[in-house]
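There are 2 protein chains.
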Amino acid sequence: MDDNNVRNEISQLGKYNLINKLTDDIEKQNDSTLVGVGDDAAVADFGGKQTVFASKLFLEHVHFDLSYFPLKHLGYKCAGIALTDILGMNAIPTQISVNLALSNRFSIEAVEEFMTGIRACCHNYKTDLAGLEINTSMTGMAISITAVGEAEADKIVCRRGAKENELICVSGDFGAAYTGYLLLEREKEIFLQTQVSQPNFEGYEYLLERQLKPEPRLDIVEGLRKNDILPTSMTVVSEGLATSLLHICHLAGLGCTIFENKTPIDQLTFDTLKSLKIVATTVALNGGEDYELLFTVRQSDYEKVKKIENVSVIGYMQEKNAGCNLITNDNKQIELRAQGFEHEEGN
Amino acid sequence: MDDNNVRNEISQLGKYNLINKLTDDIEKQNDSTLVGVGDDAAVADFGGKQTVFASKLFLEHVHFDLSYFPLKHLGYKCAGIALTDILGMNAIPTQISVNLALSNRFSIEAVEEFMTGIRACCHNYKTDLAGLEINTSMTGMAISITAVGEAEADKIVCRRGAKENELICVSGDFGAAYTGYLLLEREKEIFLQTQVSQPNFEGYEYLLERQLKPEPRLDIVEGLRKNDILPTSMTVVSEGLATSLLHICHLAGLGCTIFENKTPIDQLTFDTLKSLKIVATTVALNGGEDYELLFTVRQSDYEKVKKIENVSVIGYMQEKNAGCNLITNDNKQIELRAQGFEHEEGN
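The listed protein sequences correspond, in order, to chains L and R. FYI, the numbering for the first sequence is 1 to 347, going by this note's numbering. FYI, the numbering for the second sequence is 1 to 347, going by this note's numbering.
Treat the hints with care, since some could be wrong.
Since the list gives no way to pick out one identical chain from another, each pair is judged satisfied if it fits inside one copy or across any two copies.
As the list claims (entries may be wrong) - DSS-like mimics (lysine-lysine), calculated; alpha carbons at most 30 angstroms apart, straight line:
no., residue 1, residue 2
1, K320, K21
2, K155, K126
3, K126, K72
4, K163, K21
5, K262, K155
6, K28, K155
7, K15, K320
8, K213, K126
9, K226, K15
10, K15, K163
11, K213, K15
12, K332, K21
13, K163, K306
14, K163, K28
15, K72, K213
16, K28, K307
Hints are computed from structural coordinates only; laboratory data are not their basis.
Use the sequences and the hints to build the structure in full.
Pasting the structure below:
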């Protein structure tokens, strides 16, 4: 687990000393952070703004596989996913607190590597690490991350709120993270069968990055503010675009139409899936782990929304009886289904 | 796991439906709770007050043993511990969000029982359940709880801040939770050896309650406000009174003297430990899981602090060179040591 073969046991240091070692050089990035790591709780002052908070729990063997997941990337990814939930409310993340549970197979160096990833993500998104606790685990690694953020009262956007004829927008592209996962799993299989690991991921970096190190879309929330757009509904796409969109429709009591040819899929994702004989659109709709934002805007915001980089308008909301449909490239209408969610239940 | 032998699989309902079933009758108890369960994040409006937040992670086999821990009590305890961290800042808890990871050995009824405990604790302490996520676990149960609360800027009390000659105060009594744990572990041993479980805990209810269902000390924080006392430092005693007190001393750069005959131990705790041939004071100082509050106040607050029920003044802060000492009942001076913490490291 350690690149440099140095291994110091956590028990040598003790828990408090380890937490100090991991956090004593933290410089705060937000004036709102009043009390950070090292007390019973963290304290923030948002000066009359609203407090937004969400927690994520990540378990080894369920949410990540350490056989191919570098700890630094894992830290970055977990922090990023937590921050993304704040962005999904159209709010700005400002603090995270982290709880780790580790067995004694983790050395101090391993924990430091993980925390390097957490802190890199915090740094990139100007978020303060305001709490850290380390527990014992008897089995796998467990990671719990709470993200806190702020927004003016009139900027908060919930999942519920889309209206008929409004435009359906998404950030980034879809299916890349799942494709990266397929590549990593394939290499793992080869390794398990041959005990030889010579992965050649050259040219596939984007797919691996999307799986191992997804970036929170702070740029989109900032872009919406800069262009004076207030979405009418908004959510994070974590279990597949279809699942998230059906959820938005359900809460709005509406249907929708989206277009296959407007659904953003990166060329590398498309080509890689083609070589694996998998239909790219299926993965884009149901792959999951995209951590992009899905939101609806008024038709009158169309010109403004086009100005935000990395946003695509993929369809529109419609009356409930018209259903939730995908118009394919050959102009067929297919009912959208939440395979991502069914897949997850089958775990 | 279910008393009534009804067992419905979580997979029958699906995750979203289960979350709805567990939360759809929630009525909010705090005006500050704006967005609760069912969105990407929760939203609170503290109207200019400060936001206090903390997270706890609880793992089966490490933090709890389901062989004797009723799920309802477990829910109550986990929620209570999270709320206690907010109280430990002299703040008022207002919301919690919960993340569960469950394997398929848990039925819908089991999750409902757990959530009944969570919600009972929320109800008793006027806290809103503002987030719930349910994940898959491949091994044991994992529970992550984030508590959020609020306080006026000038009410927040940190661990650091005690001054020389100030009074050391604690809420409640010590050692009972650990004694309850010893009783439960003894019954478990008997059961494993004989396969016969006929525990007779009559008369020991207080010790079991302290272990299985500790109560957050909201009454103490309210009592401090009512009596116009602002502690100079404050923390939650979770890993033993000695550990917490040494931490307060370390942060203050001071020593302390506490008195064995002033350290509150319930009579039942004392008698039960005596029958087990264990020195009660050792358990009171190092047992852990008391979840009581430890705080320091100015000498001039002595008369006021006496008015708060369930608070004991156990000693005073002193210069660093005088050390951190316990004066025993036979008037000997013993150096305080953090056995609770060393014990925990050995896990």
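| query | Which of the stated hints cannot be reconciled with the structure, identified by number in ascending sequence? | reply | Numbers 9, 12 and 16, in rising order.
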